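Residue strings, one per chain:
Number of protein chains: 2
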Amino acid sequence: MAKPKKTPRPKAETPKGFRDYFGPEVTGRKAMLDAIARVYHLYGFEALETSAVETVEALGKFLPDVDRPNEGVFAWQEGEDEGKGDWLALRYDLTAPLARVAAQYRNDLPSPYRRYAMGPVWRNEKPGPGRFRQFYQCDADTVGAASVAADAEICAMLADTLEAVGIPRGDYIVRVNNRKVLNGVLEVAGLLDPNDPEAHEAERGIVLRAIDKLDRLGPDGVRALLGAGRKDESGDFTKGAGLSDAAADVVMGFMDARRDTGAATCARLRDLVGGSAVGAEGVAELQEIEALLTALGYGPDRIVIDPSVVRGLGYYTGPVFEAELTFEITDEDGRPRQFGSVAGGGRYDDLVKRFTGQAVPATGVSIGVDRLLAALRAKGRMDDRAAGPVVVTVMDRDRMAAYQAMVSELRAAGIRAEVYLGNPKNFGNQLKYADKRNSPVAIIEGSDEAARGVVQVKDLILGAQIAENASLEEWKSRPSQVEVARGALVDEVRAILAQHGLGD
Amino acid sequence: MAKPKKTPRPKAETPKGFRDYFGPEVTGRKAMLDAIARVYHLYGFEALETSAVETVEALGKFLPDVDRPNEGVFAWQEGEDEGKGDWLALRYDLTAPLARVAAQYRNDLPSPYRRYAMGPVWRNEKPGPGRFRQFYQCDADTVGAASVAADAEICAMLADTLEAVGIPRGDYIVRVNNRKVLNGVLEVAGLLDPNDPEAHEAERGIVLRAIDKLDRLGPDGVRALLGAGRKDESGDFTKGAGLSDAAADVVMGFMDARRDTGAATCARLRDLVGGSAVGAEGVAELQEIEALLTALGYGPDRIVIDPSVVRGLGYYTGPVFEAELTFEITDEDGRPRQFGSVAGGGRYDDLVKRFTGQAVPATGVSIGVDRLLAALRAKGRMDDRAAGPVVVTVMDRDRMAAYQAMVSELRAAGIRAEVYLGNPKNFGNQLKYADKRNSPVAIIEGSDEAARGVVQVKDLILGAQIAENASLEEWKSRPSQVEVARGALVDEVRAILAQHGLGD
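Residue numbers (our numbering), protein chains in the order written: chain A, 33 to 536; chain B, 33 to 536.
No lab work stands behind these hints, which were simulated from the structure alone.
These numbers come from a predicted model, not from an experiment.
All C-beta atoms, glycine included, are put in the ideal place defined by N, C-alpha and C.
Warning: the hint list may mix true and false statements.
[As the list claims (entries may be wrong)] Think about it this way: if two alpha-carbon atoms lie no more than 27 Å apart in a straight line, the pair counts; the simulated DSSO-like pairs of lysine-lysine are: (1) B:116 to A:43; (2) B:116 to A:158; (3) A:457 to A:62; (4) B:158 to A:116; (5) A:62 to A:385; (6) A:116 to B:93; (7) B:43 to B:116; (8) A:93 to A:116.
[To be verified] Anything over 10 Å on all C-beta distances counts as not near chain A; from chain B, calculated: (9) 81; (10) 157; (11) 195; (12) 232; (13) 278; (14) 290; (15) 300; (16) 319; (17) 436; (18) 437; (19) 478; (20) 515.
[As the list claims (entries may be wrong)] Have a look at the derived ranges for each label pair, beta carbon to beta carbon: (21) A:202 to B:534: 32 to 40 Å; (22) A:501 to B:534: 28 to 36 Å; (23) A:116 to B:253: 31 to 39 Å; (24) A:137 to B:511: 34 to 42 Å; (25) A:45 to B:248: 32 to 40 Å.
Using the sequences plus the hints, can you model the full thing?
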């Protein structure tokens with residue numbers, strides 16, 4: 033009789049909103065991270081890896097959805113007794129840790145400090161379809177460069193990077209805007225007073241988030257949020273910024289200010305910001321970025337000035353940019369839609385100042401690696417079925433050392449190989465295993481073969497093709513399996529792999 | 033006048049026990065992880081990446097230091113109200129998540145399931161010098177293979193891996209033991225009753241941990257822990273297992289059972305386990321592993337049977353193994369000592385059973401990547417000063433587009449390059465920056481050079497050599513700086529890099 037259980041069995045599940053990545057999902061992402069890092073490195077950026085855990089104090093509160101109750105981070109308190117230790121949290125991006133590093137090592141780092149970083153970040157958000165609470169980012173930032181040449185460079189590098197990971201020119205666009213222009217517009221709209229910059233902060237936040245949702249809500253939805261507010265499909269009401277119609281017109285005009293050329297867009301923006309000094313400064317910066325990029329050959333087929341880009345994060349202070357994939361994919365409901373944003377960034381001159389009290393100019397970009405992978409997958413540009421190992425089957429349990437010697441030889445020749453290590457009793461299971469592993473070749477050596485000094489080499493790829501198409505006669509002739517001398521094993525396998533384009 | 037501060041400035045610090053990794057520390061580790069993954073992949077293992085966060089329930093409690101109050105993990109509770117949500121935690125190793133995956137996807141995964149995984153793990157332990165609360169592991173495991181051929185293979189792969197990352201043969205040893213032999217010894221010592229396997233569990237834990245500390249405590253210290261207990265240098269008393277002298281003799285004899293050959297060691301172990309069935313089974317398994325490895329050419333210069341290895345983790349059920357680096361390094365106090373363990377693993381047939389109720393045989397190894405890197409660094413085998421980018425200096429702020437065009441050309445030729453993006457006013461700062469970045473070459477183009485269609489190319493490596501050794505006359509002739517036509521810029525830089533062995 034079974035003993036009474038002491039504890040119930042644990043559930044074999046990831047926590048909600050987390051997932052596992054298998055085989056080619058892992059190696060495909062790694063290949064993309066490697067490709068991105070190569071471009072960042074070529075541009076002179078140095079690697080930095082901070083820990084996943086930071087103090088809540090150092091991270092600060094800059095997540096877009098500040099209206100959520102749990103503030104979006106996974107946090108806990110140190111120590112055994114509540115209320116005593118530091119509050120720690122998982123990083124929610126790679127920028128906040130960089131600001132901490134730039135402050136902590138400010139006397140030792142080169143200035144400008146140009147670094148790239150990659151790795152998972154965590155958001156304590158409500159998970160949804162395709163929306164996970166751990167995802168990868170891959171960032172590059174320049175800390176200590178006040179010139180917008182640094183911003184222009186980041187935009188150019190972003191375009192280069194997208195092409196390096198397999199997004200051809202024409203399938204992406206980098207859009208550039210400037211928060212200073214937006215601030216100029218807010219001044220004109222009466223929401224920003226240069227002499228009292230903290231007044232109307234809440235309303236400005238509402239405007240910012242409304243503009244950022246233009247894609248999703250459309251102009252009417254944004255317009256409602258600029259005024260009294262908006263009721264969504266579920267009936268929930270979001271309070272608006274309370275702008276007058278005239279002020280809302282200015283903001284709406286800003287989002288709609290994109291013209292055919294960067295020069296024309298900048299001219300329109302200059303009109304909109306009127307007498308605002310910060311607005312004029314922002315327009316001048318955009319013109320400088322435009323001029324630098326044009327000189328380097330990054331035309332509007334790759335990078336455009338587009339005032340509808342604002343970026344949700346609260347910490348941006350100057351140029352902001354966003355990379356969007358422009359091709360259509362089919363969404364979950366079978367409808368075509370543009371893939372949308374895969375990277376974004378901008379200038380954040382005050383993040384380091386939080387720590388040191390001294391302003392440190394900084395700008396950078398963050399690529400949403402998992403979204404970019406999803407895009408390539410949607411376009412069929414990811415090879416998610418990598419070749420498995422050659423499987424040496426086990427016909428005779430006592431000859432395990434001989435089978436291990438075979439895989440040893442294959443590996444020494446650089447060929448991925450393994451002995452079947454499950455229960456060898458049922459030979460069919462061994463071939464099913466090889467099939468599940470997507471193995472190109474199986475090796476068979478029973479006592480008869482061993483006595484004769486030969487092995488059977490089974491071409492599983494050819495075998496699968498024959499099984500799909502062949503007549504009974506062809507099937508019986510089994511040309512996919514050949515007998516070779518034991519000494520010719522490695523050469524035969526190498527030849528089969530080469531036939532299928534799987535050689536070195 | 034400054035405004036009163038609203039909040040005090042956050043401290044720019046990592047949490048205690050965490051650290052940052054810069055430049056070559058990151059890329060050096062990445063190169064090592066890549067090298068390890070190549071070997072694992074060659075052996076037929078597939079990549080798996082689980083999330084950093086698991087439910088506490090799924091992780092279970094298997095950390096060695098079970099006597100600590102906080103149980104060694106970073107954990108927090110989901111949801112806004114205390115007492116309602118799941119408890120989540122950062123993974124403390126890569127084995128517990130694998131057991132969860134093997135259970136969760138048991139109907140979909142190939143069997144045996146062979147996977148490798150790499151990434152950080154977190155331990156909520158007291159930090160110390162060189163002891164961090166986040167560190168990297170790189171694991172390979174075979175789930176669903178009952179045969180000790182799987183264990184033997186892991187040992188062979190571990191030896192191959194160490195050589196692949198730069199530990200030459202002779203500088204490491206893989207030591208193999210078997211928990212079943214230990215259990216046989218515990219039976220003989222009266223601490224394990226096959227008919228009541230849960231009796232004496234606490235005492236067995238004490239014995240296990242005592243043996244695991246042999247290196248640190250020496251035979252006398254271990255002997256004390258087997259008996260009444262031990263008082264350490266600080267005066268703290270650790271309770272012992274309470275074994276009789278005769279029983280303690282058997283355990284001490286076990287640790288000391290290693291002989292010149294694996295066969296002799298196995299013979300001695302067979303004596304020690306006497307009539308214990310599980311003990312005899314364990315010895316037979318060790319003999320089989322030894323025979324397989326010998327047949328494959330892994331002799332005692334690489335892998336040995338060594339009964340003093342037990343591994344601290346509680347979940348091992350059969351063979352256990354450990355890789356040790358045998359060369360001496362100089363410790364913090366300037367004393368030579370052996371570097372010690374860098375990898376370990378073993379068979380854990382009950383971890384998946386926790387979830388499913390059905391025993392699933394499994395075995396694997398975990399490499400402590402950060403320790404291995406520290407070892408290579410201690411031996412001077414890590415190149416921690418990688419070449420920086422070519423730096424194009426800024427003599428004339430208005431010619432930024434021309435400088436950007438230079439780096440553009442250099443990058444297109446595959447040469448790492450950047451424009452100096454700090455404040456260009458002080459030219460000395462630009463050269464100091466290039467020095468701090470370890471740049472091989474600086475480019476200088478003032479208005480004079482621009483007018484003449486030339487650039488100055490400064491060989492900073494040669495320059496540094498001259499600065500160290502040259503006479504004043506040599507110094508003045510400045511042969512480290514040459515003027516070339518603007519069109520010859522890329523060729524000249526490439527030639528200088530090649531001279532210093534920095535070409536492609």
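TODO: Take a quick look at residue 232 of chain B and tell me if its Cβ sits farther than 10 Å from every Cβ on chain A, holds or violated.
DONE: Since the minimum Cβ distance to chain A is about 17 Å, residue 232 of chain B lies beyond 10 Å and the statement holds.
TODO: Would you assess whether residue 515 of chain B, listed as outside the interface, keeps its beta-carbon beyond 10 Å of every beta-carbon in chain A?
DONE: 24 Å, holds
- [ ] Using the Cβ atoms, figure out if residue 45 of chain A sits within 32 to 40 Å of residue 248 of chain B.
- [x] With Cβ atoms ~39 Å apart, the hint holds.
TODO: Against chain A, does residue 478 of chain B hold up as non-interface, every C-beta pair farther apart than 10 Å?
DONE: Per Cβ check, residue 478 of chain B is outside 10 Å of chain A; nearest 18 Å; holds.
Task: Consistency of the no-contact label for residue 81 of chain B, given chain A and a CB cut of 10 Å - done: Violated, because the least Cβ-Cβ distance between residue 81 of chain B and chain A comes to about 4 Å, which does not exceed 10 Å.
Open item on the list: Holds or violated: the 28 to 36 Å window for the beta-carbon distance between residue 501 of chain A and residue 534 of chain B?
Closed with: 54 Å, violated
TODO: Check the non-interface label on residue 290 of chain B: least C-beta distance to chain A beyond 10 Å or not.
DONE: 24 Å, holds
Open item on the list: Hinted pair, alpha-carbon criterion (27 Å max): residue 43 of chain B, residue 116 of chain B. Please report holds or violated.
Closed with: 33 Å, violated
- [ ] Given the hint that residue 116 of chain A pairs with residue 93 of chain B, test it: the Cα-Cα distance must not exceed 27 Å.
- [x] 25 Å, holds
Open item on the list: Run the distance test for residue 62 of chain A versus residue 385 of chain A: straight-line Cα separation, threshold 27 Å.
Closed with: 34 Å, violated
Open item on the list: Holds or violated: the 34 to 42 Å window for the beta-carbon distance between residue 137 of chain A and residue 511 of chain B?
Closed with: Distance hint for residue 137 of chain A, residue 511 of chain B holds at roughly 36 Å.
Task: Exclusion check [residue 319 of chain B not at the chain A interface, CB over 10 Å] - done: 13 Å, holds
The structure fails hints 3, 5, 7, 9, 17, 18, 22 (numbered hints given earlier, in ascending order).
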